[in-house]
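Trainee: Sequence:
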Amino acid sequence: MSIFYCVVANSHCPLAEYSNGGDESMNEFAQKLLQKLNLAEDAVESMDFEGKTYSYRVNNELAYVCVTNEAFGKSSAALFLKHINQLFDNRFGIRGKATKLKLDMNPDFAFTLKKQMEMFSSDKGAEKMQALKNDLDNTEVALETMINTDLTWFLNCNEQTKYWNVVIKSNYLSTNRINSSTLHNSAHSSQSAAFAKSSTTLRRHLWWENVKMNIAIGALVVVCVALTVDVAVQAGITYYCLYIPVYQKQGIEIARYFDM
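Heads up: the sequence shown begins at 1 in the UniProt record's numbering, then just goes up one per residue.
Certain hints may be false.
Stated by the list, open to error - Straight-line C-alpha distance at most 30 Å; calculated DSS-like pairs for lysine-lysine:
no., residue 1, residue 2
1, K97, K197
2, K52, K115
3, K114, K82
4, K82, K102
5, K52, K102
6, K114, K97
7, K74, K32
8, K32, K114
9, K97, K36
10, K100, K114
11, K32, K115
12, K197, K212
13, K102, K74
14, K36, K82
15, K114, K102
16, K102, K115
17, K52, K36
18, K52, K32
19, K197, K82
20, K100, K197
What the hints assert, rightly or not - Now the in silico label distances, taken between C-beta atoms and shown as ranges:
no., residue 1, residue 2, range
21, S75, Q35, 44 to 52 Å
22, Q234, V211, 30 to 38 Å
23, A219, R95, 23 to 31 Å
24, R95, V229, 23 to 31 Å
25, A98, K32, 23 to 31 Å
Worth flagging that the hints you see were computed from the coordinates, not collected in a lab. Glycine residues also receive a C-beta, built at the ideal position from the N, C-alpha and C atoms.
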């Protein structure tokens, strides 16, 4: 088995752990490492000690530590801990940071740790690892795109409509100059075309949003007018049916009185 030990802890105590029955000193060293971590700052690190790799991940004031053999690899250990991080958050949420009971989540999460450790140590674990790496690569590409294009949104409101104005700023920073002018021009043209396409798509989307909003407001006004007219008509009919006969009767009685 490539993963020997895994533990999840907050600033107070360990919350859940699983060991495959390996060296006791290995678990003790992992616990000492856990006590030295600063849970206020997110971090991902690894270290080698006595033929084993101790990897940890600090995220949202929780620490995730695993012990693996050197062949498993530090990058694979980091992906494993990220996966455990997601599973723990999905199951316990903010409860993990609040509890002060030692191994409070062990009855619910130790079996999950066992299954994940076994899976990542098997052939299926390699497929899972590759899927996690692909997700990580996609995330990095998305973050790079967001950094290269800075979108600033201004919201203007009035009593009836809301309009979104978009100011798109693009800052291209280059620290290395390319000697080949052809390659530089090709890359620049590709970036400009992609930027123009994304800007056009964004403007079209915002235009449709404004159209939909105006249609909704117009429909609301029509409904309000229709309801007002209907209420007025119903009030007129009620008045005519209830009070006109009364006034007519009173008029007849007054006429009889004067005839007398």
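Trainee: Next, verify each hint and record whether it holds.
Mentor: Hints, verified against the model:
1. K97 / K197: Distance of about 44 Å is beyond 30 Å: violated.
2. K52 / K115: Since the Cα atoms of K52 and K115 sit roughly 21 Å apart, the hinted pair holds (cutoff 30 Å).
3. K114 / K82: holds (16 Å)
4. K82 / K102: Between K82 and K102 the Cα gap is close to 22 Å, so the pair holds against 30 Å.
5. K52 / K102: With Cα atoms ~26 Å apart, K52 and K102 stay inside 30 Å; holds.
6. K114 / K97: The hint holds at about 22 Å.
7. K74 / K32: holds (20 Å)
8. K32 / K114: With a Cα-Cα distance of about 22 Å, the restraint between K32 and K114 holds, given a limit of 30 Å.
9. K97 / K36: Roughly 17 Å between the alpha carbons, so the hint for K97 and K36 holds.
10. K100 / K114: Holds, because 23 Å separates the two Cα atoms, which is no more than 30 Å.
11. K32 / K115: Satisfied, since the Cα-Cα distance of roughly 25 Å is no more than 30 Å.
12. K197 / K212: It holds: about 23 Å lies between the C-alpha atoms, which stays within 30 Å.
13. K102 / K74: Given pair K102, K74 holds - Cα atoms ~28 Å apart, limit 30 Å.
14. K36 / K82: holds (20 Å)
15. K114 / K102: Given pair K114, K102 holds - Cα atoms ~19 Å apart, limit 30 Å.
16. K102 / K115: Satisfied, since the Cα-Cα distance of roughly 22 Å is no more than 30 Å.
17. K52 / K36: Holds: K52 and K36 sit about 19 Å apart, inside 30 Å.
18. K52 / K32: holds (15 Å)
19. K197 / K82: violated (35 Å)
20. K100 / K197: Cα-Cα ~53 Å, so violated.
21. S75 / Q35: 44 to 52 Å: violated (26 Å)
22. Q234 / V211: 30 to 38 Å: holds (35 Å)
23. A219 / R95: 23 to 31 Å: 45 Å Cβ-Cβ, so the 23 to 31 Å window is violated.
24. R95 / V229: 23 to 31 Å: violated (56 Å)
25. A98 / K32: 23 to 31 Å: holds (25 Å)
The structure does not agree with the numbered hints 1, 19, 20, 21, 23 and 24 stated previously, though it agrees with the rest.
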